[in-house]
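Enquirer: Line by line, the protein sequences are chains A and B. Under numbering that gives the first Met the number 0, the final residue of the first sequence carries the number 387; numbering is consecutive throughout. Under numbering that gives the first Met the number 0, the final residue of the second sequence carries the number 346; numbering is consecutive throughout.
Watch out, some of these pointers could steer you wrong.
[To be verified] In the EDC-like style, the derived pairs of lysine to aspartate or glutamate whose C-alpha atoms are separated by at most 16 Å in a straight line are:
hint, chain 1, residue 1, chain 2, residue 2
1, A, Lys91, B, Asp41
2, A, Lys156, A, Glu246
3, A, Lys112, B, Glu165
4, A, Lys338, A, Glu326
[Said to hold, decoys possible] Just so you have them, the derived chain B footprint on chain A, three or more residues with Cβ under 8 Å:
hint, region
5, 64-71
6, 83-96
7, 266-276
8, 377-387
[Said to hold, decoys possible] Quick list of the computed label-pair ranges, beta carbon to beta carbon:
hint, chain 1, residue 1, chain 2, residue 2, range
9, B, Leu216, A, Tyr241, 52 to 60 Å
10, B, Val38, A, Glu188, 54 to 62 Å
11, B, Leu322, A, Pro284, 55 to 63 Å
12, A, Lys215, B, Leu252, 28 to 36 Å
13, A, Arg290, B, Leu308, 29 to 37 Å
14, A, Pro379, B, Gly174, 54 to 62 Å
15, A, Asp260, B, Val312, 55 to 63 Å
16, A, Val198, B, Ala39, 44 to 52 Å
17, A, Gly160, B, Phe139, 38 to 46 Å
18, B, Met293, A, Asp260, 33 to 41 Å
Derived from the structure by calculation, the hints contain no laboratory data. We treat Cβ as the ideally placed atom computed from N, Cα and C, and that holds for glycine.
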Amino acid sequence: MIRKVIAVMAIGIVAAGTAQAADTIKVGAAQPLTGRFAFAGVQLNQGLADAFAWINENGGVKGRKIEYIFEDSGYQVDKAVAVFKKIMAEHKPVMFYGESTGLGKAIAPELNKTYKVLYGSTSFSSELADPKRYPYTFVSGPTYSDMFGVLLEYVAKNPKGGRPTVAFFYSDTEFGKDPIPYARKKAKELGVDVVAEIVAKVGAVDVTSEVLALVKKKPAYVIMHGFVLSPIPQVIRGVRDYGLDTEFMGTFWSMSQMIIDKLGEDADGYMGINPYAYYYETGVPMIQNMRAFNAKHHPDVKHRPNSYIQGWFTGLVFARCAEICLENGWEVKGDNLVKALESIRDWDVGGLMPPVTFVNHKIPVGRVYKADVQKKRFVPASDWIRLK
Amino acid sequence: MLIGDFKETYAADEALLRTPTVRVWVGVLVVGLVLFPFVAGDYLVYLADLVGITVISAIGLNLLTGFTGLISLGHAAFMGVGAYTAAGLAARWGLPLWVTLPAAGASAALFGVIVGAPSLRIKGLYLAMATLAAQVIAEFAFVHLEPITGGIRGINVPAPSLLGFELGSDRALYGPIVAVAALGTWFAANLKRSAPGRAFVAVRDRDISAELMGISLFQTKLRAFALGSFYAGVAGALWAYFMKVVTPEHFPLTMSIHYLAVVIVGGLGTVIGSIFGAVFMTLVPEGLRALAGMVRPYYPEAMTVLSPLSDVVFGGLIVGFLLFEPHGLAEVWQRTKRFFRLWPFVH
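Construct the entire structure; sequences and hints are all you get.
Expert: This is the structure:
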């Protein structure tokens, strides 16, 4: 009798387990909603949440809904790991979105050995786009190295007279230094002269010596990386005061609306790479979906920065991987999701990016945008540039 | 109520655990700590490890700041030195835990002594400045001494080994962390009632009188620095194994300040205060987050508002504590104990 009861109970538990698994696809997230990355974290989180809500509204992934579970991690590694473990223990999601490069590195050993879930993040670090060391991790766009690659290709094609020259201006952080070795190599390959490398502190106010160094070398382009805002405005204003027509370029985090608003007139001509279409671009079907969704659910919101779009796009990637698993009749779990991710070729994302192909768990593609001060927005300055 | 508790020898009167009740409760605690990893989930074990590391480091800072009165804003740097030592030794030469932990402590102690040397001449806010400088220098060194520290990307730490066992998971690390924390607590509690420990307190309360009593200020202060940073170094080494990667961003100035908050909230100059402070400062934010999480099923988007709010609540709690219990959680504990000592005949 007892044995029978246990057997029935066991079947019940297994059935309940599978029934629940068939219900929803769970995605966990440790989001930097507070702390110094919160300015982007709130938007990244909203983008991801909205993408899932939009997918669910439109029938889900092959009829299955996505359940999104997030918690604040405050941009601190120890807290973020705690959030990761908590969500993994309580909800057992099959995919996870992390707050930083640091979190990706800290959980990597256990991710590879124990947890085995598909892991995306806010990070564009080149270090994480390495399927050998981080088999479950992907970067939802180009890495910082790729961003430099795209910018340098643009510089090589638009040399502004003679041999193209460029200066690298980066911060003394992991974020800032990440792409520099690759960028040096790439510049050499493309025949671009790197005339100066300047390292500055994030948030520096007095940048006189850095500006003087730039004025002395007179590069045609300066690529600034590893900052969000300060000292970018100070440097641009400083160099403009000397009457130089150097073109300034930025990478993803310094390509949001904030920089145009802060710089005002001086933003004219500021360029940079963005891997996704902007929220105000017309004629992009996915952006129209996004706008329609926002008009319905967040009627007060007028603009969404590129961090929101990163979140939304990552949401699409998660959903696509799950969809591929379901199409092929694979169980939706880490290893299969990775296999699905690696199989993505020329995937149409409604113009948010050109057709997406994952190469080494990243998408080495981007577009150079230029600030238009009259319109107060970024407009495309090049076509999509795909790195080989 | 405690009755019939008579001591017949000095040794019995000086024992760490003086009454049968205390011995029973400590026994319960020990059994609880031993059983914990076998029953708790991954998340709780992770938090326990984090609390354990914080306890070790906080005791170190309490010995330095609470007992000896030498304020330090460089505690994160001491932890960092220990973490990098352990990470370097483990990653480069594959040395086991029982070598890397003492080595990490020793290197941090050496660094602490160097940083602490000016403390003979300066104290109070001035010493805070000097230790702040040490923090800045250490952070700079972590970034720029690339051959040793791996620069900005840091060092990936292999799983530690102890007696042939590989301690890869948080659950496996729980053992060493709790053992070291227990050892550290026991040592500090004993130190407190010995001559060197009383010398610390004498220096804190009035350095001139201490010197008149024959206490060497220089030696005592340096000893406090060495000891405090030894604890920090060992905690840092465990942190390195625990986080599995060490980067300069792990040991910012805010972490030093966090540790000062831990010992102040816990109770300056008490060993048990360091433990209470570590538990409080680690678990309360987690608890607040869990509370915020409880509304998730009803208002999924409430988290975006509640998360920043829980920081505010946490800040308010700290201010409240300082206002209503300036001696920290240790004093609350003492009061609770006093209450039960006479209970139910309070008057």
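Enquirer: All hints are to be evaluated individually against the structure, with a verdict given for each.
Expert: Here is what the structure says about each hint:
Restraint check for Lys91 (chain A) and Asp41 (chain B): the C-alpha separation of about 12 Å stays at or below 16 Å, so the hint holds. Using a Cα cut-off of 16 Å, the hinted pair Lys156 (chain A) and Glu246 (chain A) holds, with the two alpha carbons roughly 14 Å apart. Taken as a hint, the Lys112 (chain A) and Glu165 (chain B) pair is honoured in the structure, with Cα atoms around 14 Å apart against an allowance of 16 Å. Among the hinted pairs, Lys338 (chain A) with Glu326 (chain A) is consistent with the structure: their alpha-carbon atoms are about 13 Å apart, no more than 16 Å.
Residue count for the region 64-71 of chain A with a Cβ under 8 Å from a Cβ of chain B: 5. That meets the three needed, and the coverage hint holds. Only residues whose beta carbon comes within less than 8 Å of a beta carbon in chain B count, and the region 83-96 of chain A has 5; three or more means the coverage holds. Under the rule that three or more residues need a Cβ within less than 8 Å of chain B, the assignment of the region 266-276 of chain A is violated, with 0 such residues. Coverage of a stretch by a chain is defined here by at least three residues with a beta carbon nearer than 8 Å to that chain's beta carbons; for the region 377-387 of chain A and chain B the count is 0, and the condition is violated.
Between Leu216 (chain B) and Tyr241 (chain A) the beta carbon distance is about 56 Å. The supplied range of 52 to 60 Å therefore holds. For Val38 (chain B) and Glu188 (chain A), the hinted distance range of 54 to 62 Å is satisfied, since their beta carbons lie about 58 Å from each other. Distance hint check: the CB atoms of Leu322 (chain B) and Pro284 (chain A) are about 58 Å apart, consistent with the given range 55 to 63 Å. For Lys215 (chain A) paired with Leu252 (chain B), a C-beta distance near 34 Å keeps the hint of 28 to 36 Å intact.
Between Arg290 (chain A) and Leu308 (chain B) the Cβ separation comes to about 30 Å, which falls inside the hinted range of 29 to 37 Å. Distance hint for Pro379 (chain A) and Gly174 (chain B): a CB-CB separation of about 58 Å, consistent with the stated range 54 to 62 Å. At about 32 Å, the CB distance of Asp260 (chain A) to Val312 (chain B) disagrees with the hint of 55 to 63 Å. The supplied range of 44 to 52 Å is met by Val198 (chain A) and Ala39 (chain B), whose beta-carbon atoms lie about 45 Å from each other.
Between Gly160 (chain A) and Phe139 (chain B), the C-beta spacing of about 40 Å keeps the proposed range 38 to 46 Å intact. Under the hint 33 to 41 Å, the C-beta atoms of Met293 (chain B) and Asp260 (chain A), about 38 Å apart, fit the expected range.
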